[in-house]
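Asker: Single-letter residue listing:
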Amino acid sequence: MTSTAPPARPRDDGAAPARNTTSASRDRSQRPLRPVLVVLVLGLGGTLLLGLSFGSARIPLTEVWGILLADVIPGLGQQDVSAMRQAIVIESRLPRVLLSMVVGACLAVAGAVAQAVTRNPLADPYLLGVSAGAGFGVVTVVVLGFGVGAVGAYTLPLAAFLGALVPLLLVLLLSGAGRDATMLILLGVAVGQIFQALITFALLVIADDHEIAGVLHWQAGGFGDARWGFLPAPTLSLVLVATVVILGARWLNLLQVGDEGAGALGMNVQRFRLLMLVAVSLLTGTAVAVAGGIGFIGLIVPHAAVFLVGSNARRSIPVAALVGALALALADLVARALTPATEFPVGVVTALVGAPVFVYMLYRRRRKM
Amino acid sequence: MPPTPAMRLLSPALAALLLASACQSRATENDADPAIEVTSCDRTQILDEPPERIVSLNTQVTETLIDLGVDDRIVGIGWERYDHPEQYTDAYSALNGLADTHPTLEQILEVEPDLVIGGQSSSFDPQEGRSREDLESHGIATYLFAEGCPDGDLELEEVIADFERLGTVLGIEDTAEEFAADMSTDLEAVEDQLAAADVEPVPTFFYRSGERTASTNNSDGIRQMIPDLAGTRNVFAELDDRVAEVSWEQVGENDPEAIVIFEMGSDDGTIDDKINFLKEQPIAQHTEAVQEERFASVSLRELYQGPRMVGAAQRLAEDLHPEAFA
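Keeping their order, the protein sequence lines are chains A and B.
For the first sequence, my numbering gives the first residue as 1, with consecutive numbering after it.
For the second sequence, my numbering gives the first residue as 1, with consecutive numbering after it.
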């Protein structure tokens with residue numbers, strides 16, 4: 001994860017003394033970054049503990065701690081717990097909380113980058129049709145029966161990931177490797193619609209009730225099948241993309257002045273944008289593969305990050321990653337706590353909680369304008 | 001004769017009138033060919049004579065009709081392309097398939113049936129324009145298997161009685177009675193054999209499908225009747241919904257000693273795929289059932305009200321309690 005705190009630097013060095021200005025956004029970009037990061041990391045720690053402690057099986061807290069202690073320091077902690085409960089805590093809950101954090105961070109960073117390179121506050125990680133493509137990958141397995149069980153529990157994630165790449169490649173091919181940004185996004189929307197139509201067709205015409213339920217479940221998103229094996233791919237892509245993005249934060253900031261301005265300053269805007277959108281799709285593809293279609297994190301968290309620390313990408317992207325991790329892990333906690341016997345789709349939680357928060361943020365901003 | 005619009009409007013009233021006077025008319029007029037009055041799932045139909053043109057909406061209905069020897073009266077079936085069990089493939093090949101799933105109202109009307117038989121409540125889905133009322137308004141009688149009645153819970157006796165009732169509708173009382181009696185005898189034999197070996201019902205997890213969560217059944221309805229008879233106890237019997245998603249943590253906490261895997265008739269994986277999944281699922285792999293590899297499988301279609309129930313009961317009992325059949 002992106003835990004290295006980048007130096008706190010004001011967005012525009014040498015601008016008018018920020019302390020005297022009344023602009024809220026400028027205040028935020030002057031706000032020291034470290035306390036924000038500390039609070040977020042502490043929040044993640046707390047959420048990890050909560051996520052390990054609660055689930056649909058009621059395991060007494062002392063037992064959970066005993067299991068964890070025994071796992072960290074062999075010989076210590078509770079020794080007489082059943083293998084079952086040990087598996088629930090160590091093999092299921094622990095990777096689950098970590099996975100929800102990694103996926104949350106992936107989606108938030110992807111959303112932040114997508115919004116920056118398109119200069120569109122409504123852009124989300126799925127803008128190049130990744131979500132619909134991944135959904136179609138799942139449909140080919142669940143409904144059409146291609147490659148069922150080929151790689152066991154990894155079949156659906158793999159199908160989703162491969163499916164996610166198809167619209168991306170199509171869009172890049174059709175747009176002439178992304179020379180025109182608007183063209184790229186419009187193609188993304190169009191290709192996404194085609195795959196969505198194919199999904200609807202497969203569900204309504206070919207699938208039976210049971211298969212429809214399976215695909216809808218996947219689309220609603222969730223971490224009920226989390227395991228250690230799901231963690232490496234999204235973690236790797238997160239580390240890779242986050243590093244590239246933070247190193248390239250200067251260019252992301254530069255894009256805020258517009259394509260022409262950035263070009264005049266010597267930047268290859270088209271190539272940079274293409275690289276960033278490919279990065280977004282890879283990030284989203286790995287996230288969608290293990291978690292299904294989770295909405296709203298990628299749309300709303302980047303705005304929350306800007307709200308917290310201002311719009312300098314060097315500050316807002318790491319904060320977005322941490323806020324995304326925290327938000328999705330908490331949403332998954334709610335999803336598990338809401339209905340003890342079963343799992344509530346986490347995508348429903350993120351939308352139900354995320355949308356009102358989004359509205360509130362917009363309302364606050366309007367009042368300040 | 002196709003019903004005129006006026007007849008269609010009148011027919012509900014007419015039916016009520018007929019119903020009210022049915023006993024009376026039979027007694028007073030001394031009709032040589034009395035009307036058949038039959039009530040299935042709270043809807044009463046009056047037939048002048050045993051139906052000769054039947055549409056069967058579901059596979060278990062079709063298979064029942066084949067076993068009853070009236071498949072020559074079938075003019076159309078739904079779910080035509082399912083993998084049919086071997087003993088029925090010949091009979092199926094002679095039948096007129098209307099649709100891969102449920103036929104539409106138009107497809108049904110086209111073959112001009114006088115009786116449409118459904119196996120489940122979804123067979124007569126009003127949203128697809130195929131409700132019993134819709135069909136009856138076209139002058140077509142309907143019969144719904146006891147399994148499809150809204151009130152759900154079923155005892156074996158009711159199922160047996162339902163087959164006998166179907167025999168009355170079709171005018172083959174004796175054949176149907178024999179069919180029902182054989183089924184009853186065979187199922188009781190399974191029960192008796194388990195009882196003779198002092199078999200306790202084994203705590204069982206019924207796994208339909210699902211990776212993120214596990215789809216399972218509660219113990220309502222006919223789906224549980226056969227497995228229970230074969231010596232299982234559903235660990236999720238008390239769930240509110242007939243089909244519900246449970247978390248793997250819940251599966252682990254209930255620690256089932258056996259797992260019955262449903263073959264859903266879908267493309268989402270074979271029994272072996274599902275067993276392999278359970279063996280590597282972080283929590284499920286630690287259940288006693290998976291550790292001891294005490295698996296059995298059953299097709300959802302075998303548990304529907306139909307002749308395949310018998311084979312399913314025998315197989316489940318033998319797979320889960322081999323000691324009783326040694």
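Quick caveat, the hints were computed from the structure, so don't treat them as lab data.
Any given hint could turn out to be false.
[As the list claims (entries may be wrong)] Label pairs and their calculated CB-CB ranges: (1) B:Lys279 - A:Leu204: 33 to 39 Å; (2) A:Leu198 - B:Thr104: 41 to 47 Å; (3) B:Glu37 - A:Thr200: 44 to 50 Å; (4) B:Asp125 - A:Phe146: 28 to 34 Å; (5) B:Glu200 - A:Leu61: 48 to 54 Å; (6) B:Ser93 - A:Leu204: 26 to 32 Å; (7) B:Glu288 - A:Leu236: 35 to 41 Å; (8) A:Leu61 - B:Arg81: 17 to 23 Å; (9) A:Ala197 - B:Glu200: 50 to 56 Å; (10) A:Thr200 - B:Leu105: 20 to 26 Å; (11) A:Leu173 - B:Ser131: 48 to 54 Å; (12) B:Gly129 - A:Ala355: 45 to 51 Å; (13) A:Leu275 - B:Ser131: 54 to 60 Å.
[Stated by the list, open to error] Taking beta-carbon pairs under 7 Å as the criterion, some of the chain A residues facing chain B (in silico): (14) Met84; (15) Arg227; (16) Ala304.
[As the list claims (entries may be wrong)] Where chain B lies over chain A, by a calculated footprint (3+ residues, C-beta under 8 Å): (17) 48 to 59; (18) 216 to 225.
The C-beta atom is built at its ideal place from N, Cα and C for all residues, glycine as well.
Asker: A separate judgement is required for each hint: does it hold in the structure or not?
Answerer: Outcome of the hint check:
1. B:Lys279 - A:Leu204: 33 to 39 Å: holds, 34 Å
2. A:Leu198 - B:Thr104: 41 to 47 Å: At roughly 23 Å between Cβ atoms, Thr104 of chain B and Leu198 of chain A fall outside 41 to 47 Å, so the hint is violated.
3. B:Glu37 - A:Thr200: 44 to 50 Å: holds, 45 Å
4. B:Asp125 - A:Phe146: 28 to 34 Å: The hinted range 28 to 34 Å holds for Asp125 of chain B and Phe146 of chain A, with Cβ atoms some 29 Å apart.
5. B:Glu200 - A:Leu61: 48 to 54 Å: violated, 35 Å
6. B:Ser93 - A:Leu204: 26 to 32 Å: Distance hint for Ser93 of chain B, Leu204 of chain A holds at roughly 29 Å.
7. B:Glu288 - A:Leu236: 35 to 41 Å: Once the Cβ atoms are compared, 37 Å apart, the range 35 to 41 Å for Leu236 of chain A and Glu288 of chain B holds.
8. A:Leu61 - B:Arg81: 17 to 23 Å: Given range 17 to 23 Å: violated, Cβ gap about 54 Å.
9. A:Ala197 - B:Glu200: 50 to 56 Å: For Glu200 of chain B against Ala197 of chain A, whose Cβ atoms are near 53 Å apart, the range 50 to 56 Å holds.
10. A:Thr200 - B:Leu105: 20 to 26 Å: holds, 23 Å
11. A:Leu173 - B:Ser131: 48 to 54 Å: holds, 49 Å
12. B:Gly129 - A:Ala355: 45 to 51 Å: The hinted range 45 to 51 Å is violated for Gly129 of chain B and Ala355 of chain A, with Cβ atoms some 36 Å apart.
13. A:Leu275 - B:Ser131: 54 to 60 Å: holds, 58 Å
14. Met84: Met84 of chain A check passes; min Cβ-Cβ to chain B is 5 Å, inside 7 Å.
15. Arg227: Hint holds; Arg227 of chain A Cβ to chain B Cβ min 5 Å, cut 7 Å.
16. Ala304: With a minimum Cβ separation of about 27 Å from chain B (threshold 7 Å), the hint on Ala304 of chain A is violated.
17. 48 to 59: Held - the segment 48 to 59 of chain A has 4 residues with a Cβ nearer than 8 Å to chain B, which meets the minimum of three.
18. 216 to 225: Per the Cβ count (6), the hint holds.
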